[in-house]
Amino acid sequence: MRYIPHTEEEITSMMEAVGVDSLDELFSDIPESCHRKNELALPEALTEWELDDHIRQLAGSMPASSEYKSFIGAGSYSHFIPAVIPYLLGRSEFSTAYTPYQPEISQGTLHAIYEYQTLVSRLLGMEIANASMYDGATALAEALLMAIRITKKDDVAISMAVHPDYRRVIEAYFRPTGYTIHYLPYGKDGRTMYDTIPEKTEPACVAVQSPNFFGCMEEVAGIAGILNEQKTLLIVSFTEPLAYGLYKTPGELGADIACGEGQSLGIPRSYGGPGLGLFSSKEKYMRYMPGRIVGQTTDRRSNRGFVLTLSTREQHIRREKATSNICSNQSLCALTACMYMATAGQTGMRELARLNYDKSEYLKEELGNAGFRIPFSSPSFNEFVVEFPEGFEDLHRHLLKKKIFAGLPLEPYYPELKNHCLMCATETNKKEDMDRLVREVK
Amino acid sequence: MEQQSCKTGSVLQEEMLWEKGRKGKTGFSLPQRDVKSYPLDDSHTRAELDFPDLSEVEVVRHYTRLSQWNFGLDTGMYPLGSCTMKYNPKINEKLAALSGFTEAHPLLPVDHCQGALKLMYDLERYLAEITGMDAVSLQPAAGAHGELTGMLMFHAYHQKKGRRKKIIIPDTAHGTNPASASFCGYTSVSVKSGKKGILLPEAVAEIMDEDTAGIMVTNPNTLGFFEEHIREISDIVHSKGGLVYGDGANMNAIMGIADMAGSGIDILHLNLHKTFSTPHGGGGPGAGPVCVSKELAPFLPVPRIRKDGDGYVLDHDNPDSVGKVHSFFGNFGVLVKAYCYILSMGRELKKVSRISVLNANYIRTKLKDVLHIPYDRPCMHECIFTDKKQKAQKVTTLDIAKRLIDYGFHPPTVYFPLVVSGAIMIEPTETESKAEIDRFIDAVKAIAKEAEEDPSLLTGSPMSTRIGRLDEVTAARKPCLTG
Amino acid sequence: MKEINELILEDGFLYSTQHEWVNSEAESVRIGITDYAQDQLGEIVFVELPEVGATFAKEDEFGTVESVKAVSELYMPIDGEVAAVNTALEDAPELVNQQPYKDGWIIDVRPSDPSQLKTLLSKDAYLDLLKGTEK
Chain A
0 MRYIPHTEEE ITSMMEAVGV DSLDELFSDI PESCHRKNEL ALPEALTEWE LDDHIRQLAG
60 SMPASSEYKS FIGAGSYSHF IPAVIPYLLG RSEFSTAYTP YQPEISQGTL HAIYEYQTLV
120 SRLLGMEIAN ASMYDGATAL AEALLMAIRI TKKDDVAISM AVHPDYRRVI EAYFRPTGYT
180 IHYLPYGKDG RTMYDTIPEK TEPACVAVQS PNFFGCMEEV AGIAGILNEQ KTLLIVSFTE
240 PLAYGLYKTP GELGADIACG EGQSLGIPRS YGGPGLGLFS SKEKYMRYMP GRIVGQTTDR
300 RSNRGFVLTL STREQHIRRE KATSNICSNQ SLCALTACMY MATAGQTGMR ELARLNYDKS
360 EYLKEELGNA GFRIPFSSPS FNEFVVEFPE GFEDLHRHLL KKKIFAGLPL EPYYPELKNH
420 CLMCATETNK KEDMDRLVRE VK
Chain B
0 MEQQSCKTGS VLQEEMLWEK GRKGKTGFSL PQRDVKSYPL DDSHTRAELD FPDLSEVEVV
60 RHYTRLSQWN FGLDTGMYPL GSCTMKYNPK INEKLAALSG FTEAHPLLPV DHCQGALKLM
120 YDLERYLAEI TGMDAVSLQP AAGAHGELTG MLMFHAYHQK KGRRKKIIIP DTAHGTNPAS
180 ASFCGYTSVS VKSGKKGILL PEAVAEIMDE DTAGIMVTNP NTLGFFEEHI REISDIVHSK
240 GGLVYGDGAN MNAIMGIADM AGSGIDILHL NLHKTFSTPH GGGGPGAGPV CVSKELAPFL
300 PVPRIRKDGD GYVLDHDNPD SVGKVHSFFG NFGVLVKAYC YILSMGRELK KVSRISVLNA
360 NYIRTKLKDV LHIPYDRPCM HECIFTDKKQ KAQKVTTLDI AKRLIDYGFH PPTVYFPLVV
420 SGAIMIEPTE TESKAEIDRF IDAVKAIAKE AEEDPSLLTG SPMSTRIGRL DEVTAARKPC
480 LTG
Chain C
0 MKEINELILE DGFLYSTQHE WVNSEAESVR IGITDYAQDQ LGEIVFVELP EVGATFAKED
60 EFGTVESVKA VSELYMPIDG EVAAVNTALE DAPELVNQQP YKDGWIIDVR PSDPSQLKTL
120 LSKDAYLDLL KGTEK
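Chains as they are written, first to last, in numbering that gives the first Met the number 0: chain A, 0 to 441; chain B, 0 to 482; chain C, 0 to 134.
Computed footprint of chain B on chain A, listed as stretches where at least three residues anywhere in the stretch have a Cβ under 8 Å from a Cβ of chain B:
(1) 55–65
(2) 102–115
(3) 396–409
If you're looking for bench data, these hints aren't it; they were derived computationally from the structure.
Don't be surprised by glycine CBs; every beta carbon is placed ideally from N, CA and C.
The following block holds chain A by itself, in its conformation from the complex (with noise of 0.2 Å):
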């Protein structure tokens, strides 16, 4: 096998060495009652072309972009990705190398992550940034529990806005825990409605998404000054970081944190994973943020150089009193959305964020001089919500036998959003097919 370097007379001369007559010897520490009384039940092994045929054809059986029309993000979003990226990304250098506790030899992987972790904090408009987490749904689960040992309550405020995917993973870490959530619900403009949290409570946090699941964009100017006097933390996320190519960023809002997924630098769908967490707060929070974080520091030459710092917060260090259990962060989809933020730039970023807006301000404005009901009027980014006539079901499975993702139907997710559907346009969709999109709808 030719990841296996040894030839048999290797073997037995490391035997010798060793100093056992078999390999079996060397396992003879492991009683009778753990060892397997069967050989693995594993399909014969596959030649390099016998796997590559077999997995072109699971791969060839998903839906190829040049056949299907995609109007779906939710979560997960359609955008170019430079064949810059994917290339550098293969220096093996990069893909292969290990965590860098070893700094003098990892140069490379830290000054990459010091410069993601420095575009993220201009990008969001906070000022520090960790070097990511899992995925948008476990940052702010992450970020919820840093509120909590920052104000040392108990309950935190989240709307109802926010992906249905992510709150449920915010409950499935808060289950042990005995904090309590309360849902904020949401308003007829689809933005979050604060005047519910209960009297008198002061939660740790609020935490609401923007652009929301709905694709609006919050209104939370407002709500910063109220949640300071209280103080409750605002947290701010997403998962659709080109937003703030456009929009007033969670920094200029007030936010405490802001946390979502990055998956639209330059990470492939994937069928959802992996992502890329983006993870920032306040300076003041330092050493509160859960994660790994790069630093700038000098060698004993007085050479600029990177290291991992403040790793007492960490689980290696801390053990049962770390700020999380998290061990590794997303390293290399964090090189990838920084090398997408290098190669957009400045104007790239700004340009792309426009595009994004009107494709999806044209889809949205050509469906509704098409007669349905855009019901929520707040600004949004590239996603909206469509009320299509009674029958939608039918008309969104008709429509994907015609190879169109129609969106995201709703009402598996907000039972009284019956009929409703989340659209998306990005810069990949083209003219011609949201008209294809309209005409096939009407």
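Please build the complex by placing chains B and C on the supplied structure of chain A, with the hints as guidance.
Same frame as chain A, but now just chains B and C:
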């Protein structure tokens, strides 16, 4: 052969992204506009985005140069104990990048995603077969995430029967173990390993009670030994209604050999980026699936993947499930690579374990007279030494590790586990050839000699790298986290 | 790391088994960590101080001292209320290494039960403790 082998070809200096670039450049081929521009009130728009503008060439040069500052697994040997730095097969990279996978939206109707669902279903079955467990979830995105999931399942299981507050954790455990337990509100109760470096049933029996949810055991453990008494220990824990969590980070030593279910494990996590060859990526993404016994299957995260006739469906209807731990199904792109690896190896996975253990014992045998060995007996896939012999020269584990860099090796794991002072933990894995291992052994011998004759070579190392030892104290005292 | 005979112990101070010193001269009792403790930790990067006015019982954790690779909890040697904290440590945590018994002091405490001071160790008793630790 020349011993010191860390020399560079052409490794260039490179600044920060914002130190390069000029406004107006772009590296992105901006798409054509086929729609008009819609108005947006200025009150909504952000202040100027302070990103550098770079050309494509500058981006490529930047990252190419940065990559040359890294020592990757493709560069050389990474004998990191408990990390299983084995070769990352390139065919797996190619296949995970197929557009049918990369462009798939996770919320598409299942009948359009049968390829992905079959892959995940089969991977679950293979991991169950390899571990001897009954049911699997691929959702956790990392080992620590798998541990957290396991602890959430402990909690859910006990919640039905009566809450428990403690978890037994060996003193040799990885830091993520007590951190994950504490995430779920458990108090860690430490249990010491015995003289042989393994847990003793009596020690566990002494502290196991009806307020203890169970035990977290790494097997083989972080000292590199198989926990021989695991079955007895599991029985003790089970007899008081507790569960046994297995940290499967060291699975590479026992595939096709040990039966995890047979040793009494109820929940086990695996690290696909260790045992199953997916690349480490400089710190992720990995994947940490959990494998459980039949009894615990109802508590696994949802959705479960089920067979439905000839096809596959997602089953969300599991009332006892702990819920979701990831926004979608886990790190699918990583799962593809592990799946490819298992299909490429088949039953050869047993040979993988046998050779990994042979490699580690070979190193142990050759170095036990060079470095101090705290447990002088056969090991599994990793072996531990300390800096005790070098203390007289005021040379530490850290110095030895840094000097190995000058010899062209990534250092082994150092100062872990905490129970061994000055620990140096070496795990070669099965993908290192005898020649490479012999070179590593020679390097360690040469370094030990240098420690006696000229310790400044060690304390001043690494000397052949672009950057020397970094000031971690200032980095922690005055953190500078963004540019 | 220092040898036992290289360690500094201040005369007139009392010591705890958690390697803290207690200076009970003034009305407020001053507390810090010993030369042994700072030597074991290495270069200190951060000290987590309690709030002024907070009250703790004996053996409660009132703060932490961090080096790059380790964290040490600080435990109250006596019951009391925090009268003052050494804010100089916020910008210069290295004072704990350089002057553990003087400028590197950590908190001043108003003891609620001054008789508890009698339970602390004398300099000689603490030295014996250290010799026992080294074995």
